[in-house]
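Protein chains in written order, with the working numbering: chain X, 1083 to 1296; chain H, 1083 to 1296.
Heads up, some of the hints might be wrong.
Just so you know, same-sequence chains aren't split out, so a pair can sit in one copy or run between any two.
[To be verified] Below, simulated DSS-like cross-link-like pairs (lysine-lysine); rule was C-alpha separation at most 30 Å, straight line:
hint	residue 1	residue 2
1	K1260	K1102
2	K1232	K1162
3	K1227	K1260
4	K1260	K1162
5	K1260	K1087
6	K1177	K1232
7	K1232	K1211
8	K1160	K1260
9	K1260	K1206
10	K1232	K1160
11	K1087	K1206
12	K1227	K1160
13	K1162	K1227
14	K1109	K1260
15	K1087	K1100
16	K1211	K1260
FYI, nobody ran anything at the bench for these hints, they're computed from the structure.
2 protein chains.
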Amino acid sequence: MNDRKRGVVIGSGSRVSKEKLLAAIEKSDFTIAADGGAQYAVHLGIQPDLLVGDFDSIAESDLQYFREAGVPIEQFPKEKDETDMELAIRLLEEKEIREITLFGASGSRLDHTFLNTLLILKAKKRETKIILIDETNEIRALEEKMTITKRDGYLSVMPVDSSILISLSGVEYPLERKRIYLGDGLGVSNEITSEFATVECHEGEGLLFLSTDE
Amino acid sequence: MNDRKRGVVIGSGSRVSKEKLLAAIEKSDFTIAADGGAQYAVHLGIQPDLLVGDFDSIAESDLQYFREAGVPIEQFPKEKDETDMELAIRLLEEKEIREITLFGASGSRLDHTFLNTLLILKAKKRETKIILIDETNEIRALEEKMTITKRDGYLSVMPVDSSILISLSGVEYPLERKRIYLGDGLGVSNEITSEFATVECHEGEGLLFLSTDE
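With the rest of the complex left out, here is chain X (with noise of 0.2 Å):
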């Protein structure tokens, strides 16, 4: 069991299935919509707790729709030092939530994309953990000892930091505490062949990734 309270963030960039995040949503305790994000949330109905953003990529008509149903907007100015999405998770940080998914974090800008898995490995120092999901990945930070359940799809490891010493078990090949450096692609594309994988990072940094074709 896990008590830990949990947010979701609605970014601007790529949108998962109306059911991914409905099911995130049902067990969040806070979600934010950050700027261009809003625009989805309308699109489904979903009632954010909180507008947040520069709504330089948001219509006058959808700030009108959540202003009319009284959801709280805090409008930041478009130059400012972080992003729409380290601003949400910022403001999560500070109602103690520390389990975030965020949704919409990837899309056709990588330099967004690419900061926002980053953005996982910034928060786990100040250990909060951070999901980012979309409709063929799922994006979280290597921790000393992780159990993933069987799917389809593969499972990748690797290393934002000089290098890993990683095991794995329970795939299609396994690794015995094998040191896996920056840009290598040892660690990507394992298939889970048992009912469940295991992953331990002995040392360094990385993410870990489950992603499917399709």
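Starting from the known structure of chain X, fit chain H onto it as the hints suggest.
Just chain H now, with coordinates in the frame of chain X:
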């Protein structure tokens, strides 16, 4: 003038426009189609100089097309420590090619997208320059001093290391010897406002993104 030899890799990720791809191949000394990338080459009627991969994601009819066209094919086992993209880069480097453009290296599989982006930094250590190009992004490694011609869209810099020390000029939000830490959004989404933007990376390793919204 730059007389270094150039190479192109066509991977199995998102497809770019024919114009973009042909423009790069025109300037390329050697073009490799990596696994599923061969299908796009067939589709465009492009004849690469070499086809590499484990071919787990390519139709036999496409392989046959290349065989009949006399394109050399190097098949590698599915169980290997390198991805098809890494293989292709290594083969180009064996031909003394040190300027490589990757197409089809990003897409819905974020594990591959992320790894291919890290490959840029890994290659930099071997003095190989890689540019990853897709329909809305160009990604390359930060260098000591870079000049970027004015264009639509956004210029972003970020560390893939603990931090970078960076100066930016000719952009909407200039920076003067500013330190940016891993996961910080400070260097993201700048617009080029002068004829040229200048990017200087004084310390650390990181990436430069040139991105457009659509």
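Hints and how they fare:
For the identical chains of this complex, K1260 and K1102 are neighbours neither inside a copy (34 Å) nor across copies (39 Å), given an alpha-carbon limit of 30 Å. Only between protomers do K1232 and K1162 lie at most 30 Å apart by alpha-carbon distance; the minimum there is 23 Å, versus 42 Å within a single protomer. When the C-alpha separation of K1227 and K1260 is checked against a cutoff of 30 Å, the pair qualifies only within one copy, where the shortest distance is 15 Å, while the shortest distance between copies is 36 Å. When the C-alpha separation of K1260 and K1162 is checked against a cutoff of 30 Å, the pair qualifies only between copies, where the shortest distance is 15 Å, while the shortest distance within a copy is 41 Å.
Taking CA atoms no more than 30 Å apart as the test, K1260 paired with K1087 passes in neither setting, with 35 Å inside one copy and 35 Å between copies. In the homo-oligomer, the alpha carbons of K1177 and K1232 never lie at most 30 Å apart, since the shortest distance is 33 Å inside one protomer and 42 Å across protomers. Proximity of K1232 and K1211 under a CA criterion of 30 Å is satisfied intra-copy only: 21 Å inside one chain copy versus 39 Å between copies. Taking the closest pair of Cα atoms, K1160 and K1260 come within 30 Å of each other only across two copies (19 Å); inside a single copy the shortest separation is 45 Å, beyond that limit.
Taking CA atoms no more than 30 Å apart as the test, K1260 paired with K1206 passes in both settings, with 23 Å inside one copy and 24 Å between copies. In this homomeric assembly, K1232 and K1160 come within 30 Å of each other (Cα to Cα) only across copies, at 21 Å, whereas the closest approach inside a single copy is 43 Å. In this homomeric assembly, K1087 and K1206 come within 30 Å of each other (Cα to Cα) only inside a single copy, at 16 Å, whereas the closest approach across copies is 42 Å. When the C-alpha separation of K1227 and K1160 is checked against a cutoff of 30 Å, the pair qualifies only between copies, where the shortest distance is 28 Å, while the shortest distance within a copy is 40 Å.
Proximity of K1162 to K1227 under the C-alpha cut-off of 30 Å is restricted to the inter-copy arrangement: shortest distance 25 Å between copies versus 37 Å within a copy. In this homomeric assembly, K1109 and K1260 never come within 30 Å of each other (Cα to Cα): the closest approach is 36 Å inside a single copy and 40 Å across copies. Proximity of K1087 and K1100 under a CA criterion of 30 Å is satisfied intra-copy only: 22 Å inside one chain copy versus 49 Å between copies. In this assembly of identical chains, the alpha carbons of K1211 and K1260 lie at most 30 Å apart whether taken from the same copy (25 Å) or from different copies (28 Å).
Checked against the numbered hints listed earlier, the structure breaks hints 1, 5, 6, 14; every other hint is satisfied.
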